[in-house]
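A.B. asks: As you go down the protein sequences, you meet chains P and Y in turn. First residue of the first sequence: 1, per full-length UniProt numbering; consecutive thereafter. First residue of the second sequence: 1, per full-length UniProt numbering; consecutive thereafter.
Take these hints with a grain of salt, some might be off.
Because identical chains cannot be distinguished in the list, a pair is counted as satisfied if it fits within a single copy or across any two copies.
[What the hints assert, rightly or not] Result set (DSS-like, lysine-lysine): computed pairs, CA atoms no more than 27 Å apart in a straight line:
hint, residue 1, residue 2
1, K127, K75
2, K186, K118
3, K127, K117
4, K22, K127
5, K186, K75
6, K75, K118
7, K117, K75
8, K75, K22
9, K22, K186
10, K118, K22
11, K117, K186
12, K22, K117
What the hints contain is simulated information worked out from the structure, not anything from laboratory work. All figures in this text were calculated on a predicted structure; none of them were measured in a lab.
Number of protein chains: 2
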Amino acid sequence: MYLYNFFNSSTSYRVRIALALKGLDYQHHGINIRIGEQSSMDYMRINPSKGVPVLITDDEQTLSQSMAIIDYLDKTHPIPRLIPADNMDRSRVLELANVIACDMHPVNNLRILGYLKKEFGISDEQKNDWYQHWINEGFTAVETLLTRHGHGSYCFGEQPTLADCCLVPQVANALRFGCDLSTFPKVLAVYEHCQQQPAFQQAAPDQQPDYMN
Amino acid sequence: MYLYNFFNSSTSYRVRIALALKGLDYQHHGINIRIGEQSSMDYMRINPSKGVPVLITDDEQTLSQSMAIIDYLDKTHPIPRLIPADNMDRSRVLELANVIACDMHPVNNLRILGYLKKEFGISDEQKNDWYQHWINEGFTAVETLLTRHGHGSYCFGEQPTLADCCLVPQVANALRFGCDLSTFPKVLAVYEHCQQQPAFQQAAPDQQPDYMN
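Extracted from the complex, chain P is given alone in its bound form (with noise of 0.2 Å):
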């Protein structure tokens, strides 16, 4: 398998943690979404959506969007199950990743804080504010729902899951961004769970061979 990734790309991340906890080997393709890369002419034939990541299978499918490349690593891969079969735990993990990965990643991430401001013209303490207040927001759904239904050490239960592959690279993000997350002890706690772990270790973004400082 072939992933054209970033590596401080939040989904680039979930997917490589994913690729690391099923212990699957792939070829790294770094993308350079400072750039632009992504929307060079031949980067967009590859995934008109212009985003990392994307992975090419081992029979040369071309797969974008994180939570289907997970999906499929997950239904050809099955050994760990990142997403349980039975169906209140497997919601219960499906609601927790959605909240990051539609309420929380989407609005914050590197084109979203660029149009803002290029177009609006926003200056760096009115970003920071926007950042911040959608972390808020969606760390305060996750946190709740880490108290209702998580158990464990990690998101639920002792097993990793999709709701780790996306809380861990989201939380890194806001790190970066200087948030504090103090106010979310749960999320806190499964996160610094998770950097003890190998596989969370051997995805993180100073691991990859595009890093840069």
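Go by the hints and put chain Y onto chain P.
C.D. replies: Relative to chain P, chain Y alone:
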């Protein structure tokens, strides 16, 4: 089952389409997100994300996030299946659905447009430019995915899937905002086909008990 939703919310509309396609009865509870009912203390106890839709299942589980809800319905009421079981068909459905659910809808929904107006003081023209920009970016990707992998009257074949549940509300929303979608003929063809089907008609905003002109 019991559905907290708003007639004009795209994510509510997705779930209503899924319920109608499966022929499932439910009680409709309108939450008026235009006047902030989703932020009341009572509703935040139901959904800490302060959003619609929320499904209360027959065994009284409270489940948020439209993508998790439709997956739940597909597992518990699998006829007709909206997310195929077969790997690559499944992945194509999830890929297209997530372009809409992760890249398009989150950046153009009411809470985002509200923040842009209130905090950044953008004009109506700037709001329309923002809206149209993300519609164009997203539907360019969807149109390409339909060209590569789509076939038949729906997004993928002659049976509706999760992809159609996501596409129809997003097109309806864009048309309501006055967007010109003529450069996306495949998107429009799927939309128009769906609009002829009773389940999609039944789920439409103007058929809901909380509909307001």
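A.B. asks: Next step is simple, just say for each hint if it's right about the structure.
C.D. replies: Consistency of the hints with the structure:
Within a single copy, K127 and K75 get their C-alpha atoms no closer than 39 Å, and across copies no closer than 41 Å, so neither meets the 27 Å cut-off. Taking the shortest Cα distances, K186 and K118 never come within 27 Å of each other, neither inside one copy (36 Å) nor across copies (32 Å). Both within a single protomer and between protomers do K127 and K117 lie at most 27 Å apart by alpha-carbon distance, with minima of 8 Å and 14 Å respectively. Neither within a single protomer nor between protomers do K22 and K127 lie at most 27 Å apart by alpha-carbon distance, with minima of 37 Å and 43 Å respectively.
In this assembly of identical chains, K186 and K75 lie within 27 Å of each other by CA distance neither inside one copy nor across copies; the values are 29 Å within and 29 Å between. Taking the closest pair of Cα atoms, K75 and K118 never come within 27 Å of each other, the shortest separation being 41 Å inside a single copy and 44 Å across copies. With identical chains, the CA atoms of K117 and K75 are never at most 27 Å apart, being 40 Å at best within one copy and 43 Å at best between copies. For a Cα distance limit of 27 Å, the shortest separation of K75 from K22 qualifies both inside one copy, at 12 Å, and across copies, at 24 Å.
With identical chains, the CA atoms of K22 and K186 are at most 27 Å apart within one copy only, with a shortest distance of 25 Å there and 37 Å across copies. Within a single copy, K118 and K22 get their C-alpha atoms no closer than 40 Å, and across copies no closer than 45 Å, so neither meets the 27 Å cut-off. Taking the shortest Cα distances, K117 and K186 never come within 27 Å of each other, neither inside one copy (33 Å) nor across copies (33 Å). For a Cα distance limit of 27 Å, the shortest separation of K22 from K117 qualifies neither inside one copy, at 39 Å, nor across copies, at 45 Å.
Violation of the numbered hints given earlier is confined to hints 1, 2, 4, 5, 6, 7, 10, 11, 12; the remaining hints are satisfied by the structure.
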